[in-house]
Each structure stands twice: as structure tokens, then as C-alpha cells.
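Undergrad: Chains as they are written, first to last, in the working numbering: chain A, 85 to 338; chain B, 124 to 435.
These aren't lab readings, by the way, just hints derived from the structure by calculation. Predicted model only: the values in this text are computed from it and were never measured. Any given hint might turn out to be false.
Some chain B residues close to chain A (C-beta under 7 Å, calculated; not the full set) [to be verified]:
#1 Thr-152
#2 Phe-153
#3 Asp-158
#4 Arg-162
#5 Phe-163
#6 Pro-187
#7 Arg-188
#8 Val-189
#9 Glu-191
#10 Met-194
#11 Met-196
#12 Ile-200
#13 Thr-397
#14 Ala-399
#15 Pro-401
Note that the Cβ used here is the ideal one computed from N, Cα and C, for glycine as well.
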Amino acid sequence: MKLESAVVISNTKVYENTYVTWFHAPELASGVSPGQFLMMHCSNDRRDPYFARAFSYHRIDGERFAILYAVVGRGTAFLASLTGGDIVQAYGPLGKGFRLPGERGNLLLLAGGVGVAPMVDTAERAVAAGHAVVAMMGARSAAGLLPAGHWPADVEYITVTEDGSSGLAGRVTEALGEYQPWASRIYACGPNAMFRSLAEVLRHNGRHQRPEILMEENMPCGWGMCYGCAVFTRRGVRLCCKDGPRFNLFDVFP
Amino acid sequence: MQPNLQVDLAPGRKRDLVLKNPVMPASGTFSWGFDFAARFDIEALGAVVSKGITRFPRQGNQQPRVAETPMGMLNSIGLQSVGLDAVIDDLAPQWSRWGVPVIANVAADTVAEFGEMARALDGLPGIAALELNISCPNVDAGGIEIGQDPVASGRATEAAVRNTDLPVIVKLTPNVTDPVALARACEDAGASAICAINTVLGLAIDTKRRRPVLPRARGGLSGPAIKPIALRMVYDVARAVNVPVIGCGGIESGEDAIEFLMAGATAVQVGTATFANPRALLDVIEGIEAWLVREDVADVHEIIGCAQPQPV
Ligand SMILES: Cc1cc2nc3c(=O)[nH]c(=O)nc-3n(C[C@H](O)[C@H](O)[C@H](O)COP(=O)(O)OP(=O)(O)OC[C@H]3O[C@@H](n4cnc5c(N)ncnc54)[C@H](O)[C@@H]3O)c2cc1C
Ligand SMILES: Cc1cc2nc3c(=O)[nH]c(=O)nc-3n(C[C@H](O)[C@H](O)[C@H](O)COP(=O)(O)O)c2cc1C
Ligand code: FES
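Please model the entire structure based on the sequences and the hints provided.
TA: What follows is the structure, encoded as C-alpha cells:
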């Protein structure tokens with residue numbers, strides 16, 4: 085974990101209420117594994133909001149990194165207003181990220197809503213390591229989908245919308261179809277409801293795929309000090325920020 | 124010249140409690156110390172204060188456990204803890220290798236249990252003092268019921284003091300009308316020092332769901348929002364007792380800490396500020412030192428309790 089002032093390089097609306105902001109911050113961008121996160125202060129004076137917000141690393145490029153976020157409250161509204169040259173305080177990288185397999189495999193990445201944020205970095209690294217990657221993203225409608233151009237070229241990108249306005253109709257977990265048996269490993273990030281139904285779908289035939297998920301909890305500190313982010317697992321109480329945010333699906337949703 | 128920052132929180136006791144500077148974390152905001160030690164110099168701190176230690180391991184409360192509030196937070200962690208045995212077997216041996224005193228924060232359900240736990244921790248390498256948490260608002264039994272009653276507070280203090288040679292600090296709740304009566308009862312029962320304050324009872328409502336945000340409804344308010352309450356209590360208590368007072372509540376800078384020292388605190392604890400700024404403890408230490416240098420104060424004792432009421 086390093087504390088650093090991150091300098092805004094660019095800030096772009098990529099779809100609906102969702103933005104990608106690039107920062108220059110050599111310390112924050114180094115030694116990051118996919119699925120890790122950082123804590124970013126969403127104010128100029130660290131007064132309001134008082135606590136930093138957790139954001140997954142969305143992409144990393146040398147000394148620069150990007151976050152992807154949906155504007156839902158005070159912190160993210162502040163971030164959306166940033167422009168090039170603005171400075172925010174942040175600390176990271178934090179938590180435990182995905183464990184990508186050592187040997188070449190078929191990786192299925194599942195994203196629900198803003199849970200897509202860490203999946204692009206994960207896909208980039210997986211492709212670079214020689215894995216075959218299918219990424220599925222679910223949203224309510226086409227307007228809530230990350231445009232295909234944001235994924236690495238070698239990734240097969242499948243979209244799933246509840247209203248059928250783009251790609252397959254339904255929810256990600258209903259649309260797994262042929263991709264689930266194809267996959268050697270499954271990685272997911274999204275709302276708990278998605279994890280619950282994923283566990284349901286995989287309960288009988290997907291355990292060997294050792295699905296890993298990134299969870300979200302209230303995180304005042306992000307580094308194991310406050311115990312606010314407890315996750316109740318089959319193996320006992322864990323801290324989302326320190327023991328996670330990566331968990332084995334079946335430890336949390338048995 | 125470097126000002127003297129060293130303070131003793133148990134002068135004249137069987138065992139002293141000398142801190143190289145008057146700054147330590149607040150219990151429950153620093154876990155067991157290892158996360159900080161892995162990233163910063165733990166020996167830069169005046170002392171370390173452990174998370175609340177319970178007799179047996181505890182899971183803590185369900186989610187949500189925290190709610191952000193203006194300049195602070197409500198918590199209802201519910202004393203998630205590893206339990207006394209793990210502290211004795213695993214944690215204390217590691218603490219004994221640190222060049223910084225570790226204060227064990229003890230949370231018991233009954234007066235007798237405070238005595239038992241004090242005995243179990245007595246003489247254990249790695250533990251320099253006890254801090255009795257008679258003021259946790261987030262559990263059903265013990266804690267606050269003892270901490271709101273001067274007689275019971277005195278008995279809990281006495282039970283601990285009788286069972287250990289370690290200095291015993293008693294941590295007070297602000298959720299009473301007369302904190303001075305509590306402090307006097309603890310002093311009379313043998314407390315080496317008084318710590319003020321624990322969290323202030325509060326509530327947050329989720330308007331969308333039309334119910335309290337926290338499952339147990341009430342939570343403990345902490346952070347800069349409670350600083351004036353904490354300062355007032357430290358001021359009142361310090362004028363009423365002869366033992367050292369440790370100030371706690373909303374401290375996030377050297378300037379904040381100086382206010383508590385002037386109100387009568389001999390040392391301070393930094394809690395919630397560490398969540399917002401991982402360096403908060405170090406910032407407070409550096410800030411105190413810079414203030415003393417700037418104001419040409421050679422010894423921190425010169426300002427302890429210097430803020431007295433003006434004659435009318
Ligand atoms: C490990 C981890 C990684 C994360 N990664 C990301 C990420 O990559 N991208 C991302 O966008 N978020 C991410 N989050 C969530 C993020 O930390 C923030 O909680 C979130 O962005 C909201 O912050 P805020 O200050 O804007 O909302 P706050 O003001 O703090 O509001 C908190 C919550 O209340 C709700 N809310 C607030 N205002 C409204 C409103 N007007 N109407 C309806 N609901 C409302 C929202 O659901 C919001 O999440 C992550 C969280 C964790 C724990
Ligand atoms: C998340 C959290 C957990 C806490 N746990 C304990 C505890 O176990 N024992 C205790 O005596 N005080 C506990 N406290 C109270 C703090 O030690 C401190 O008294 C209070 O938060 C006020 O200081 P602050 O405003 O600097 O945080 C806790 C506070 C918070 C915010
Ligand atoms: S966010 Fe504080 S312990 Fe995890």
C-alpha cells in the first residue's frame with residue numbers, strides 16, 4: 085500500500101452514468117494484481133465525504149491507471165466532475181486479487197453492471213498470459229453495457245440484457261449456456277444476487293471450475309483496521325478489504 | 124532543540140507506563156497492530172492499543188456494521204475478536220518483540236470476568252498495561268451497563284487492579300450525565316489512568332427502507348464530529364482526578380492533539396482518522412512536535428492542562 089497524489093489525465097463518460105478516469109500515479113499503478121482495488125478520496129479536502137471510496141483497478145498502463153465507476157452518490161459525482169490536471173489523494177493497491185491459472189486455460193469472466201470495472205484489467209492480463217477469454221456482461225438494457233471497443237481484441241465479448249435490447253436476453257447466469265462447460269475457470273464481479281444465482285447454476289456441475297468472485301462491502305478504511313467490511317463465509321468471518329475482495333464463490337454462497 | 128515528548132501514564136505505580144510520545148491508536152481502530160507494522164514504523168508510536176479482547180472468540184455483528192455520517196461514522200462492529208487464548212498464545216509473543224508498549228483493551232461481560240482476564244494477562248511478556256472497555260455500546264451484555272454506573276465501574280476497576288500489577292486504564296463512555304462521578308469511582312478503585320471517550324450513541328435512518336441503517340439501530344458515533352464532546356469530557360475529568368487522562372475522540376491532526384493536551388490530557392488516542400488517512404497517527408505525532416518547536420515549548424508537560432477557565 086502506498087499513499088500518493090493521483091493526477092487526472094482524462095475523464096470520459098463511456099456509457100449511461102458510467103465514467104472512466106485515467107490517473108498518473110507511479111506508486112499506485114505498480115505491483116497491482118487483477119481484482120485489487122485502491123481507496124480514493126472523493127473531495128478536495130478529505131472532509132466531505134470523510135472516507136475514501138474503494139475502486140477496482142480498471143486498467144493499468146505503465147505509470148497510469150484507470151478506474152471505471154457509476155455515478156450513484158456524492159463521491160462518484162465528485163469524480164465525474166474532475167478534469168485533466170486535478171489531483172486526488174489515494175492509497176493502494178489493496179486486497180487480494182484473482183488467481184489466474186499457471187497453465188493455459190479457458191477463462192470465463194462474468195460481469196454484472198459496474199462489476200465490469202475490474203474485468204477489463206483481468207482480461208488484458210489473461211490474454212497476455214495466453215489464456216482464451218470469454219467475457220460476458222449483463223445489464224438491464226443496451227445503454228448499460230460497456231462498449232465492445234473497451235475490451236482487448238482477443239476477448240470474445242458476449243452481452244446479455246434483461247430487456248433483450250442487445251445480445252442475449254435475460255441475465256448473465258441464465259445465458260451461460262455453452263460457455264460454462266467450455267470454461268476451465270470462472271471469475272465474476274457483480275451484485276450478490278448474481279453470485280447467488282451463479283452458485284445455483286454451478287452447484288452441481290461447476291465446482292471444479294473453482295469460481296472466484298470479487299465482493300463489495302462498506303469499506304471505511306480498506307486496509308483491515310475497522311472491521312466494518314465483514315464477510316460471513318463457510319470458513320468464518322473474513323474482512324472483505326484484507327482477506328478479499330476475492331473469495332471462492334462456494335465459500336460465501338455454499 | 125527537540126522538545127521532550129515523553130510521558131508516563133502510571134507514575135508511582137508498581138509498573139510505570141512510559142511512552143516516547145503521547146500518541147497511540149484508539150482500540151478497535153488498529154486491529155491487532157500487524158497491518159500497521161507491515162507498512163509503517165510501529166515503533167514511531169507512543170504505544171499500541173489492541174482491539175477489544177473478549178474472553179472467548181466472537182463473530183461480531185451482521186452487516187451493515189457501519190454508516191458514514193457527517194465528519195464521522197456510526198459503528199456497530201459488535202466486538203469481533205479472537206478471544207483471550209489467542210492473544211496469550213499467538214499475539215502477545217509477537218508484541219513482545221516490538222519496541223513499543225502494547226496496551227491490551229479488555230472487554231468483559233461481568234465484574235468477575237474483568238478480574239479473571241486481568242489475572243490471565245498479568246505478567247505476560249508483550250503486554251504493558253490494560254485498558255478496561257466498560258463502555259462498548261454494541262453488545263448486549265456487560266460493557267456499557269457497567270460503564271454507566273459509577274459503583275459497577277469502580278467494582279470492575281477494583282477487580283482488575285486486584286488481579287494484576289499492570290497499570291489499569293479505564294475507558295469511559297460519554298453516554299452519561301455525570302462522567303466525573305465515573306472517573307472518580309475508577310480513580311478511587313485504583314485506576315492508573317482514565318481514557319475518555321468511547322463512542323457517542325447515535326442513530327441513522329435509511330429513508331428509502333424506512334428503518335434504521337444498522338440492524339441493532341443504535342451505533343457508536345466517532346470521528347471529528349465528536350471532538351467537542353470528547354474535549355469537554357477530558358477537561359471536566361482532568362480537573363476532577365489526579366491520575367493521568369488519555370484524550371480520545373475525533374483527533375486527526377497535531378493541532379487537535381494539542382487541544383486535548385491543553386484541556387488536561389497527558390496523552391491522546393487517534394481512532395477513526397486512521398480509516399480516512401492511514402498516516403493519521405504519524406501526522407499527529409509530527410504535528411505535535413512541529414507545534415511545540417514553533418511555539419518554543421521545550422517539554423510537552425508545559426502545556427498539559429494549561430487551558431484553564433478565565434476569571435469572571
Ligand atoms: C472492493 C471494492 C471495489 C469497488 N470498485 C468499484 C468500481 O470499480 N467502480 C464503482 O463505481 N464502484 C466501486 N465500488 C463502490 C464504491 O466504493 C462506492 O461505494 C460507490 O462508487 C458509491 O460511492 P458514492 O460516494 O458515489 O456513493 P455514496 O454517496 O457513498 O452512496 C452509497 C451508496 O448509496 C447509494 N446511493 C447514494 N446516493 C443515491 C441516490 N441518490 N439514489 C440511489 N442510491 C443512492 C448507492 O448505491 C451508493 O453505492 C467498489 C467497492 C468496493 C468495496
Ligand atoms: C470501528 C470502531 C471499533 C471500535 N472498537 C472499540 C473497542 O473494541 N474497544 C474500545 O474500547 N473502543 C472501541 N472503539 C472506540 C474508539 O476506541 C474510540 O474511543 C472512539 O472511536 C472515539 O475516537 P475517534 O473519534 O478518534 O475514533 C471503536 C471505534 C470504532 C470506530
Ligand atoms: S474496510 Fe476497514 S477493515 Fe475492511
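Undergrad: Give a verdict on every hint.
TA: So, going through the hints one by one against the coordinates:
Proximity of B/Thr-152 to chain A holds as hinted, the smallest CB-CB distance being about 6 Å (cut-off 7 Å). Of the supplied interface hints, the one on B/Phe-153 holds, with its beta-carbon coming within about 6 Å of a beta-carbon of chain A, less than 7 Å. Annotation: interface hint on B/Asp-158 holds; nearest CB of chain A at approximately 4 Å, less than 7 Å. Interface hint at B/Arg-162: satisfied, since its Cβ lies 6 Å from the closest Cβ of chain A, which is below the 7 Å cut-off.
Look at B/Phe-163: its Cβ only gets to about 10 Å from chain A, farther than 7 Å, so that hint breaks. With 7 Å as the threshold, the beta carbon of B/Pro-187 comes within range of chain A, its nearest partner Cβ sitting at about 6 Å, so the hint holds. A hinted interface residue such as B/Arg-188 counts as satisfied when its beta carbon comes closer than 7 Å to some beta carbon of chain A; here the least separation is about 5 Å, so the hint holds. The restraint placing B/Val-189 at the interface with chain A holds, with a minimum CB-CB distance near 4 Å, inside the 7 Å limit.
At its closest, the beta carbon of B/Glu-191 sits 6 Å from a beta carbon of chain A; the interface hint therefore holds under the 7 Å criterion. The restraint placing B/Met-194 at the interface with chain A holds, with a minimum CB-CB distance near 5 Å, inside the 7 Å limit. The criterion of a C-beta within 7 Å of any C-beta in chain A is met by B/Met-196, whose closest approach is roughly 6 Å, and the hint holds. Of the supplied interface hints, the one on B/Ile-200 holds, with its beta-carbon coming within about 5 Å of a beta-carbon of chain A, less than 7 Å.
Interface restraint check for B/Thr-397: the shortest CB-CB distance to chain A comes to about 6 Å, inside 7 Å, so the restraint holds. Interface restraint check for B/Ala-399: the shortest CB-CB distance to chain A comes to about 5 Å, inside 7 Å, so the restraint holds. Residue-level restraint check for B/Pro-401 holds (minimum Cβ-Cβ distance to chain A is 6 Å; threshold 7 Å).
Going through the hint list in order, the structure does not satisfy hint 5, though it satisfies all others.
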